Each structure stands twice: as C-alpha cells, then as structure tokens.
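Peer 1: Generate the whole structure from the sequences, applying the supplied hints.
The listed protein sequences correspond, in order, to chains R and D.
If you want the numbering used here, it's the 1-based position in the first sequence plus 184.
If you want the numbering used here, it's the 1-based position in the second sequence plus 184.
Think of the hints as simulated: they come from the structure by calculation, not from any bench.
It should be emphasised that the depicted structure is a prediction, and the values quoted were computed from it without experimental measurement.
Keep in mind that the hints are not guaranteed to be accurate.
Which copy is meant is left open, so a pair is good if it fits within one copy or across any two.
Said to hold, decoys possible - Restricting the straight-line Cα-Cα distance to at most 25 angstroms, the calculated cross-link-like pairs of lysine-lysine (PhoX-like) are:
(1) Lys330 x Lys548
(2) Lys604 x Lys404
(3) Lys604 x Lys548
Protein chains: 2
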Amino acid sequence: MTAERFEATYLIETAHEPAQIAEVMAGEQSSGTFVAVPGETEELRALHAGRVERVTLLDETPAPSLPGSRPPKGASASPCYRRAEVVISFPALNVGSSLSQLMTTVAGNLFELAPLSGLRMVDLTLPESFVEDYPGPQFGVEGTRKLTGVYDRPLFGTIIKPSVGLSPAQTAELVAELVEAGVDFIKDDELIASPAYSPIEERVAAVMAVINAHAERTGKKVMYAFNISDDLDRMLRHHDTVLKAGGTCVMVNLISVGLAGVIQLCRYSQLPVHGHRNGWGGLSRHPLLGMDYRAFQKFWRVAGVDHLHVNGLRNKFVESDESVIASARECLTPLLGGYTVMPVFSSGQTAAQVPDTYTALGSKDFLFMAGGGIMAHPGGPAGGVASLREAWEAAASGIELGEYAATHTALGQALEKFGKA
Amino acid sequence: MTAERFEATYLIETAHEPAQIAEVMAGEQSSGTFVAVPGETEELRALHAGRVERVTLLDETPAPSLPGSRPPKGASASPCYRRAEVVISFPALNVGSSLSQLMTTVAGNLFELAPLSGLRMVDLTLPESFVEDYPGPQFGVEGTRKLTGVYDRPLFGTIIKPSVGLSPAQTAELVAELVEAGVDFIKDDELIASPAYSPIEERVAAVMAVINAHAERTGKKVMYAFNISDDLDRMLRHHDTVLKAGGTCVMVNLISVGLAGVIQLCRYSQLPVHGHRNGWGGLSRHPLLGMDYRAFQKFWRVAGVDHLHVNGLRNKFVESDESVIASARECLTPLLGGYTVMPVFSSGQTAAQVPDTYTALGSKDFLFMAGGGIMAHPGGPAGGVASLREAWEAAASGIELGEYAATHTALGQALEKFGKA
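Peer 2: The structure is reproduced here in structure tokens:
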C-alpha cells in the first residue's frame, strides 16, 4: 500500500546543483531543517519526508533573476545560474485535511531560500482525500446556467462603473438600463463593498427591485454579483441579505479576504460565489517568482468558488493572450474529478474578442464581461449587448466577423468604434 | 471640514511620465477607469477620487525590471525607465470599515497595469476610524510579558523540530526537555497543525500536561504557540481546546489563512495570536514588485495579531540585516496610537546574534527564537538556553561577547560551536 501523496511543480533558478537544491526544498518543507536534529529518524523520514520526483534541467543565465541569492562556497565570481523544473511530492498525512496547511507546505518558506535566485510554483496536484473535506463549487458552470437560463452560448455581462461613488438609487438606475439592454450578468466593481454611501442592504434592495421586476415581466432573471468582501461575520450577513432579496450571486475578493474566509463563505453560501483575483499581479508578474495561475486557481476551486476571473484577450494589463487562454482552460479542466468553475473574461473586452475567445478556448462555457464595450457602444447599452450576441452568432456559425457585421448593425458599430482586434 | 483619507506609498518604474502614471493608478483604484464613463461626475470625483499627493523622481534604468510593460506610443525602441516614489491618498469613505476592502484598494489591480515595469507598495497609513472597527492586538508586548512572567529581558524561545512527524507523546517529551532547560516560549513549526498522526486535541493535552506540571512546580509557565491554522470553524474549536487546557498562545499562518480568517480568529481569541509570515518571500523578494514589510505588517496588526515574525540577523534566507531590523522596528512603532506587536526573530539564530539584535533594535521587547542554537548546544538544551541568557547579560551590561564568554561556559561553548558572527 502506498501512502497518498500530492505534488508541487516549481520552476527554480540556482547557481548550485539544481538536484541538490530540490532536496533542500523537499527537506525544508517536510521533516528536515538546516541542521540535523535528533528526532528525524529513518522511520519518521519514511513516513513524512518530501521526495524529489523529477528534476528537468532547462536553460542557463549569467545573471541571477532575483537579488540576494548565495552561490555555492568556492564558486567563481560570476557563476552560471541554471533553471530547472522540479517536482516534489509530499505525504498527504503531513497536511491532514487542511487546504491552508497544504498551501503553507507548497508555497510557504521556500521563496526566500538563499541558494535560489528564482522560484515559482507552476503546478500542483491535490490529495484525493480532499474530495471529502472540500466539496468544491456548488454551482459552477451548470448551476450558473440554470440560474440565468442561458444554456446555448457564453454569458454576457458587465461591471457597474464608476467603480465607487454611486448611491444605491444611482446603481439601480444603471441596472435598469442594463437589464433592458439584455445582459445576463452584472457585477459590482471590486472596489465597492458596503460603504456608508452605499450600504449593501440598501444597494441590494434597490438593485433587486429592478432585477426582480424585470424577471417578472420578461422571465429573464439577470444575475448580479454583489461584492460582499469584508470581515467574515459581515460577509455571511450580507450573503443572507442578497439571498432574501432574491439575488442569485455573491462576489468575493479572493486575495484580500483569504483562503479561510473564502472557504467559510463557500460552505455557507446558498448562491454561486464569484471570485475576483485582484492583487494577483503581485504574486505572478515576475516569471521566476510567485505562482502560475494553473496552481493558484486550484486553491480557490477546492475552496468552493464558482466563477474565477482570468483577464481577457488583448487586455489592458500585461498578461499575454496565451496566458489568459491557458488560465481559462485550466478552469474548465476537471480537478479531482470535478470542481467545475466558470472562467470570467474581463478587461477591455468588446465584441471583437468574442470569436477569438471562443475559438481559443474551444468551449462556450464562459462569462464574457464588457464594460466600455457595452456602455460606450454607439447604440447605447442595448447596442452593446446586441453586438456581443451578434459576434457570438458569427463565431458559432463560423462566419468571419467583418462579413457578419455587414448585415448586423450593432456588431458593425462595435467594430467601427472599438476596432476589429 | 476635510474628509478623512488614507495614503499608500509606492515605488514605481515606468517608461511613461511618472506623474501621469500616478494619476492612472489613482483613477483605476477609485472612481476612474480606462474609458470615460457618464456617471463619473465632478461631484462624485470630488468625494471619491484617489489623489496623487507626491511624486518623487528617483533613478533611471535602461531595461525594464518586469516583463510585459508597454512604453508610450511613439517612444524610442529603447526607452528609459524611470523610478519614482508615488504617494496616493484615497477617501476613507470608499472602503468604509473594511480592512479587506482597504487592501483591495491599495494592493489590488495595480501590479499588472501595462504602463508599469515595476510596482511595489512600500508604506501605508490607515484611517483613524479603523480604531473603532479593529481594536487590534489584545496582548502585544505587555500581555505576552504578563503571561510569561518575563519582564526585564527579551523572551527566549524555540521551535519543535523535526517540523512534522512527531507524535503528541514525542512532542511532549521534547517539551519536557525544553521547559527544564528554561525556555520562555515554544512553538509548533508552521508545517504542523492538526494532522491524523498528531491531532491538536491530543498534542495540546500531552504538551500542556508537561507545561502545567512544570508551572506548578516552578511557578514558570512556558508559553506554547499551538499552530491552529485551518478552516475557520476548526481554528476556533482548536483555540478553545488550547484555552481549556491552560495554554497561553495560538499560532496562525497569516498568508495561507488570510485576512478575514485572521481577523475573525483575533476577535474570538482569548489568547495571544502568534503570526507566522510563511509565503512572504513570494510577495516581497523582487525589489520592484509586491510589498515592503512596513506596509504588510500593518494589515496584520490591525487584524489583531500579537506576535509577528521578522526573520533574524544573519538568517538562512536572502533578507539583509538592515531589512530585518527595519521590520522589527516597525513592529514596535505605534500604529494608530497603539497596536503594539511583539517582533519575533527566527532563522538560524544562536547566542551570537543576541547582542547585535538588541543593539540594532534599541529595545529588549522582542522574542528571540533559536532552534539548533538551543537543541544542538554542546551542553544540551539547558546549555543552549543558558548561552542565550548569558549573551543577553553581556549585551545588557555592555560587555563584549567574547570577554563575557571567558567566564561563562555555556556562552563560550555556543560561540565555539556556532561561530561568533
């Protein structure tokens, strides 16, 4: 019988022998430390030690990517820094049934180790036993489709702007315009939660009055993700406020709320949880530090988040299109046999990116968020939403966007105003 | 009447005009976005806009520190990248009484902005109104001294090693040796919380039996920081287990548990909360990305943590001594008129660093943790603890360490075995 293990994959850079440094990493994050200690018996090691599974040498560089690393004693004045992919496995019994302990094991005191001039976690597997401890997303793609009644295409959504400063009544006015325009989904900006000028009780009441009335009239219930990010007791209370008002989604800022808070919210929630990744750049922007999204998103899916932001094609940030699509694909790749999560494309999106997003992703299971692409459309928000739907029709029928635009006004206007690429 | 504001200070690097990019940052994190939106009225801006308070130009570099940034249109093929310190203030009313919303505002979607080739948050002020919402550390330096009965010197502590794998009985045996040796403080490693091989109920029972018996016999109650990092419901339950057994401290992994979980734990706790910063390297190691500890530690103090790790002089990680001391000084600098927190020195510490730590910090209010420096001392753990106390006596009396060692065996042995620096 083999005891269960989980694996973490790292990109490292070091002037030392990479295989030797991989052993240091495995030791530091399990039974070893920088000096031999008497209690580290053979038996204990056999049960608890991290194990280097694979070291794959990659390229070399003459200069260290990160400052502060110490080359081996006796190294030349300008040593060569080698990069390698390292896979380390850890016994599941070290972390028990705790996702935060798993994070501390794979992403704790590793980034600062002196022999390393670079360390980035690129992937992660999870113990099968986590399936029992963390049931994961309650809604995911399927549950979100059911609540919105949108089955045969991507969901189209938008964000309330300005991010901050609108009163509940002003927000509701904007929502009225947007639901009339035909959006499937609306979200608060990550910067507004429950300030005195727009307490969430009042915003929920004002917004849901509009959404509920529209649903009664048309049968279409627009999903609104209310940002309830806050201290935990308030988050749960605000969840209840949304639920009681007939709302169908709550939103949480993953990084600033943190893993334990998000787990607790997801366990408690009777609504899909929309996960916003703001702050992610700080963890990811240097290629030899922090984490790949492939690893990052797994923590939040296991925590139970239903929607995850992945940026968008040709976005206003620094992320490449390849990286965006890889992230979205990860969201749709089953994890521990399930844990489906809806990828959310956002940031400078307009009708022009709809077909490319669909083609690159190879799935219609995504939420496509356009802010200016809806609000600043020449035909107003209704034109903006129509342009996204028309772009989708073109994509689904395999018709080139420009060609379809010739006979579809809203799409034509969008391409003219926002550009074709 | 001026509305209350809080400030964030950043180090930025950009090929654009720094003052202009500072405006973009202020806009993105408050009322603005990348396109003009109709609702952003003058009135709304006056109340809610972020404001650039200061831009101080620093040095220049020919190459961008981080990849992916976009130089201005029409820039030369090899533009110059300028660094600047930027101070931006935000209206307190934007975030209300929510620490996580404050974090999203100052450290959210900023790191990825395309005009920036570097962004690091270096400092932060907090709204005065947070004093009401977040009472902060309940124990801090004073409360920790009271619980340990150590008033006139630094606290000396150690960490259970091996980090993982010891049974409750084995842990208790080691604790028996350590309390006999005279330590003030013992902590679990961050890698162990409540796994099946050492459930926290059993570990607490075994360890506290030893500590309570020792306290009854000697009057000295050693503080043991039990790592209760976990999902929230379990953390609170484990806190109760520690409290009921007569324990005097709980420990939490700040980053992997997260802000909302730590806030809730600190509000609930009747014991000092020992904050471990593992994972911090991933947020801090690149000088133009992430956060300075000066900013980072403020979130956790406001959350209510009583002890904060700051690494140690001549540590096994990449951090410089200057940075370590600056962090520890920050911990002892009042925040919002209080929020005292005990700095914890750790990582490769022995008697040799005690006087330097005291001199550099200018205070005896710190917890000094030695692992190998206690366990691997030639005189055993009792010799190790004696060597730390003797090093302190030397420092407090202004006697050179080598001189004092000549007449103090334990210190002499420590310097011989671990080196003098």
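Peer 1: All hints, please: hold or fail.
Peer 2: Quick rundown of the hints versus the structure:
no.: 1; hint: Lys330 x Lys548; result: within (15 angstroms within a copy, 62 angstroms between copies)
no.: 2; hint: Lys604 x Lys404; result: neither (31 angstroms within a copy, 75 angstroms between copies)
no.: 3; hint: Lys604 x Lys548; result: within (21 angstroms within a copy, 65 angstroms between copies)
Consistency note: the structure conflicts with earlier hint 2 alone.
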